[in-house]
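Taken in order, these protein sequences are the chains called A and B.
Per my numbering, the first sequence starts with residue 3, numbered consecutively.
Per my numbering, the second sequence starts with residue 4, numbered consecutively.
Simulated from the structure, these hints should not be mistaken for laboratory data.
Note that the structure is predicted; figures quoted are calculated from it, not measured.
For every residue, glycine included, the Cβ atom is placed at its ideal position computed from N, Cα and C.
Where hints are given, some of them may not hold.
Unchecked claim - Straight-line distance between alpha carbons at most 20 Å, and here's what the computed PhoX-like set of lysine-lysine pairs gives:
| id | chain 1 | residue 1 | chain 2 | residue 2 |
| --- | --- | --- | --- | --- |
| 1 | A | K477 | B | K261 |
| 2 | B | K275 | B | K257 |
| 3 | B | K275 | A | K507 |
| 4 | A | K477 | B | K257 |
| 5 | A | K358 | B | K261 |
| 6 | A | K364 | B | K351 |
Stated by the list, open to error - One side of the interface only, derived from the structure: several residues of chain B facing chain A at Cβ under 8 Å:
| id | residue |
| --- | --- |
| 7 | T42 |
| 8 | P68 |
| 9 | G79 |
| 10 | W117 |
| 11 | L144 |
| 12 | G163 |
| 13 | N164 |
| 14 | P216 |
| 15 | I218 |
| 16 | P219 |
| 17 | K275 |
| 18 | W278 |
| 19 | G284 |
| 20 | G290 |
| 21 | L339 |
| 22 | D340 |
Chain by chain, the residues run as shown.
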Amino acid sequence: MARTKAAGDGSGLVEMAWDPITRIVGSLGIHTKIDFKQKRVAECYSTSSVFRGYSVFMRGKDPRDAHFITSRICGICGDNHATCSVYAQNMAYGVKPPHLGEWIINLGESAEYMFDHNIFQENLVGVDYCEKMVKETNPGVLELAERTEAPHAAEHGYRTIADIMRSLNPLEGEFYREALQVSRYTREMFCLMEGRHVHPSTLYPGGVGTIASVQLFTDYLSRLMRYVEFMKRVVPLHDDLFDFFYEALPGYEEVGRRRVLLGCWGALNDPEYCDFTYANMSDWGRRMFVTPGVIVDGKLVTNDLTDINLGIRILLGSSYYEDWQGQEQFVTHDPLGNPVDPRHPWNQHTIPAPQKRNFDDKYSWVMSPRWFDGKDHLALDTGGGPIARLWSTALSGLVDIGYVKATGHSVVINLPRTMTKPETSFEWKIPKWSNALERNRARTYFQAYAAAVALHCAEKGLEEVRAGRTQTWEKFEVPDEGLGVGFTEAVRGVLSHHMVIRDGKIANYHPYPPTPWNASTRDTFGTPGPYEDAVQNTPIFEENTPENFKGIDIMRAVRSFDPCLPCGVHMYVGGGKTVKSMHVPTGLSGLGG
Amino acid sequence: MTEATTKTVGAAPADETPTIHILWINAGLSCDGDSVALTAAMQPSIEEIVLGALPGLPKIAVHWPLIDFECGPVGGADTFIEWFFKGERGEIDPFVLVVEGSIPNEAIKPEGYWCGFGDNPETGQPITTSEWIDRLAPKALAVVAIGTCATYGGIHAMAGNPTGAMGLPDYLGWDWKSQAGIPIVCVPGCPIQPDNFSETLTYLLYQATGAAPMIPLDDKLRPTWLFGATVHEGCDRAGYYEQGEFALSYDSPKCLVKLGCWGPVVKCNVPKRGWMNGIGGCPNVGGICIACTMPGFPDKFMPFMDEPPGAKLSSTASGAYGAVVRKLRSITAKTLDQEPKWRRTGEKITTGYRPPW
Numbered sequence: 003m004a005r006t007k008a009a010g011d012g013s014g015l016v017e018m019a020w021d022p023i024t025r026i027v028g029s030l031g032i033h034t035k036i037d038f039k040q041k042r043v044a045e046c047y048s049t050s051s052v053f054r055g056y057s058v059f060m061r062g063k064d065p066r067d068a069h070f071i072t073s074r075i076c077g078i079c080g081d082n083h084a085t086c087s088v089y090a091q092n093m094a095y096g097v098k099p100p101h102l103g104e105w106i107i108n109l110g111e112s113a114e115y116m117f118d119h120n121i122f123q124e125n126l127v128g129v130d131y132c133e134k135m136v137k138e139t140n141p142g143v144l145e146l147a148e149r150t151e152a153p154h155a156a157e158h159g160y161r162t163i164a165d166i167m168r169s170l171n172p173l174e175g176e177f178y179r180e181a182l183q184v185s186r187y188t189r190e191m192f193c194l195m196e197g198r199h200v201h202p203s204t205l206y207p208g209g210v211g212t213i214a215s216v217q218l219f220t221d222y223l224s225r226l227m228r229y230v231e232f233m234k235r236v237v238p239l240h241d242d243l244f245d246f247f248y249e250a251l252p253g254y255e256e257v258g259r260r261r262v263l264l265g266c267w268g269a270l271n272d273p274e275y276c277d278f279t280y281a282n283m284s285d286w287g288r289r290m291f292v293t294p295g296v297i298v299d300g301k302l303v304t305n306d307l308t309d310i311n312l313g314i315r316i317l318l319g320s321s322y323y324e325d326w327q328g329q330e331q332f333v334t335h336d337p338l339g340n341p342v343d344p345r346h347p348w349n350q351h352t353i354p355a356p357q358k359r360n361f362d363d364k365y366s367w368v369m370s371p372r373w374f375d376g377k378d379h380l381a382l383d384t385g386g387g388p389i390a391r392l393w394s395t396a397l398s399g400l401v402d403i404g405y406v407k408a409t410g411h412s413v414v415i416n417l418p419r420t421m422t423k424p425e426t427s428f429e430w431k432i433p434k435w436s437n438a439l440e441r442n443r444a445r446t447y448f449q450a451y452a453a454a455v456a457l458h459c460a461e462k463g464l465e466e467v468r469a470g471r472t473q474t475w476e477k478f479e480v481p482d483e484g485l486g487v488g489f490t491e492a493v494r495g496v497l498s499h500h501m502v503i504r505d506g507k508i509a510n511y512h513p514y515p516p517t518p519w520n521a522s523t524r525d526t527f528g529t530p531g532p533y534e535d536a537v538q539n540t541p542i543f544e545e546n547t548p549e550n551f552k553g554i555d556i557m558r559a560v561r562s563f564d565p566c567l568p569c570g571v572h573m574y575v576g577g578g579k580t581v582k583s584m585h586v587p588t589g590l591s592g593l594g595g
Numbered sequence: 004m005t006e007a008t009t010k011t012v013g014a015a016p017a018d019e020t021p022t023i024h025i026l027w028i029n030a031g032l033s034c035d036g037d038s039v040a041l042t043a044a045m046q047p048s049i050e051e052i053v054l055g056a057l058p059g060l061p062k063i064a065v066h067w068p069l070i071d072f073e074c075g076p077v078g079g080a081d082t083f084i085e086w087f088f089k090g091e092r093g094e095i096d097p098f099v100l101v102v103e104g105s106i107p108n109e110a111i112k113p114e115g116y117w118c119g120f121g122d123n124p125e126t127g128q129p130i131t132t133s134e135w136i137d138r139l140a141p142k143a144l145a146v147v148a149i150g151t152c153a154t155y156g157g158i159h160a161m162a163g164n165p166t167g168a169m170g171l172p173d174y175l176g177w178d179w180k181s182q183a184g185i186p187i188v189c190v191p192g193c194p195i196q197p198d199n200f201s202e203t204l205t206y207l208l209y210q211a212t213g214a215a216p217m218i219p220l221d222d223k224l225r226p227t228w229l230f231g232a233t234v235h236e237g238c239d240r241a242g243y244y245e246q247g248e249f250a251l252s253y254d255s256p257k258c259l260v261k262l263g264c265w266g267p268v269v270k271c272n273v274p275k276r277g278w279m280n281g282i283g284g285c286p287n288v289g290g291i292c293i294a295c296t297m298p299g300f301p302d303k304f305m306p307f308m309d310e311p312p313g314a315k316l317s318s319t320a321s322g323a324y325g326a327v328v329r330k331l332r333s334i335t336a337k338t339l340d341q342e343p344k345w346r347r348t349g350e351k352i353t354t355g356y357r358p359p360w
């Protein structure tokens, strides 16, 4: 049995690890050193223990297979990869899908946001804030929650904060079970547009195979309006819950906090403007219904996809790969003539070098993507996706479609009347911190945002159908030589696919999902990745002694990023005790007996 | 008390069977898509399985990374991985082992690991997933491979892959049987169709109580009632095929076989069953079948968007006689589109009834 032990460096810190971390997607380990005297995490290492090698085995394959293959990168957001890949293919083949095909993809992707954020927020993250968990980690907080009336009880129906917490208890909680059902009908919405979940069947370069009919849109809209009504309860519910934590535990804003370094690559194209050409990418990128942007210390550095593209650098440092320095460069200049860096994904070579894990040297299969602003290699994070998307959209102030409006300092979401609830507006205001609670809050707001954008796309799509413009796919030819890049926002944040075609085959293909950014390791400059950085600043509020310590604050910090791989943290508790107490299992492990 | 004369119908009462643990390893070369897909199941749903909502289901304890409550530190309180060590030590019995993801070949490199699950307390290094399989499979009541990666290798075992990935039967042996005499149970799909898996799991739980006989599997270890028919046999576009009407663009409602659909030779029930709640699917809704449930996936079906070689001959044949069939049908359909002539206004009834007045 593994032991919790004193760090070997005589620092008085305690080493603790969470590996594998549950209630995330994939295999992630977080290894930490904890200073129990100061109630702080001193050091954190994020490690991923699975390597599959997509960029290796995709070489030499037919480019038209790319979206089918890359979807399999992720089992909860694979459709984001398929979408990003067809975007990159559209660019490489020079094809522009019919408008209706694009509205259908937007509706599919919106449903993915609605599904994924919902299941993650209520069934994975929510458990960190449920009554059972709070009782086991901060009994004092639960007592206060029992006595605290929920300010928005009228909207969501839970009288006290403790009632909300109880409703989130795994399986027994009413809201927990309701959310599971919501995760199902939102996936039905997704399947209407993209065939199946999570690996779509009806997506192709050039458009979709979905048959656009009145029935398709009616089936989608009926479910969408149920979701809109649901969100009118959920936004106030989570506002109440998260606001309470600030109140109950003064200083909780420091949990999972890091410098504001956010990236968003934009999502949901407007077919009126998007022609998938590299030449016009800066322009159509700004027309997306989620605006791209790089945000440093609260300021928008750029919302230009061409700049964003050219700034991407892939660093090594702590990961199990050989460097590709001096290897062949596939792309020296982009289609506009701008020089492309050798460390850019278009020029990357993936050379796996499996080896022992050593936290002082190489310790993960994740690389270190960074964004170069001309001076620094910034370890951008996505905050799990929603916080960066809302922040970037708010600052740019470009989106204005009635259902959503960006103001320059906030995003206003206008939801129409539903069966039992009146018209409702929510305003997401730029928060003071980039921390665990605000990442979670943004996730809820973005669910409402996605539903609002979906209303717009459904109206536009139906307009096409009613006008008899039902074509959803456009023919194309695969060139012998070509270049493509796709940008979108996966559920968890930035997603790019860079493809190089030679002799009609894939010569190079590098997908960069959000988790490599968030879960990245210390890079060549020694800069820690976002999880590491955020956890290292995390104070410990948990009331348990080291023997019964769960590390809930650390788990909340990590899960706020919505990780998509296995992660482990080693904490040092001091005293070098071996803990051998048997615990009665709870949650899913115990309900059966 | 007199001897019961009625035979027990259905399952034994739940309290007569011990709690069955389910140990779920998602750390093969996987994407967790099968875990996620299972949360979409409704026949039955995960909460119905765990809470025993179906009559006669045994009590179960699920140790599933995706939604497990437990998340304590290694060696400390409420550690998820501890259940796997308990399984190895024989402290939880019976347990069903579920494996998600392909099994890489750890023997092809000097050191390190392609994939690991938890750490070895002696060395501090990750325990490889294949080592866990070696430790746990011999003690399991049954071993279930979920998804095409775990069953046959799948996408990650594609030509040119660096990890030497394979499926669970390739790793343990196709003739492998658990201590209870159950072969490896394979539920392929990329990802699994949600209900296909929840139904198979439910079957195994009933089998464990003695309520159901040995699970019927075919020679590729698939449940026969789910994977006995082809995609094409359950596809609602097969009528177009018969009439020789083939889509030439992906957004056509006709048969997609000339655009890359492998449905006629693929064992899968998706078009018949729908993806979830009867909604969605593949060729039935405009998505070519790329054969993601098959042992030959993906290499034998690429490039996906090209017409399968075998389809050329059969579609030419059906194109010839289908044109004739279509012509005859259209003649018949015209007459059937007309109502009989006695349905009309007027003072005389012409239905064949003789009025007595």
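Evaluated hints:
no., hint, verdict
1, A:K477 - B:K261, "holds, 15 Å"
2, B:K275 - B:K257, "holds, 17 Å"
3, B:K275 - A:K507, "violated, 35 Å"
4, A:K477 - B:K257, "holds, 17 Å"
5, A:K358 - B:K261, "violated, 49 Å"
6, A:K364 - B:K351, "violated, 95 Å"
7, T42, "holds, 6 Å"
8, P68, "holds, 5 Å"
9, G79, "holds, 5 Å"
10, W117, "holds, 5 Å"
11, L144, "violated, 15 Å"
12, G163, "holds, 4 Å"
13, N164, "holds, 4 Å"
14, P216, "violated, 24 Å"
15, I218, "violated, 21 Å"
16, P219, "violated, 26 Å"
17, K275, "violated, 14 Å"
18, W278, "holds, 4 Å"
19, G284, "holds, 6 Å"
20, G290, "holds, 3 Å"
21, L339, "violated, 24 Å"
22, D340, "violated, 22 Å"
Checked against the numbered hints above, the structure violates hints 3, 5, 6, 11, 14, 15, 16, 17, 21, 22; every other hint is satisfied.
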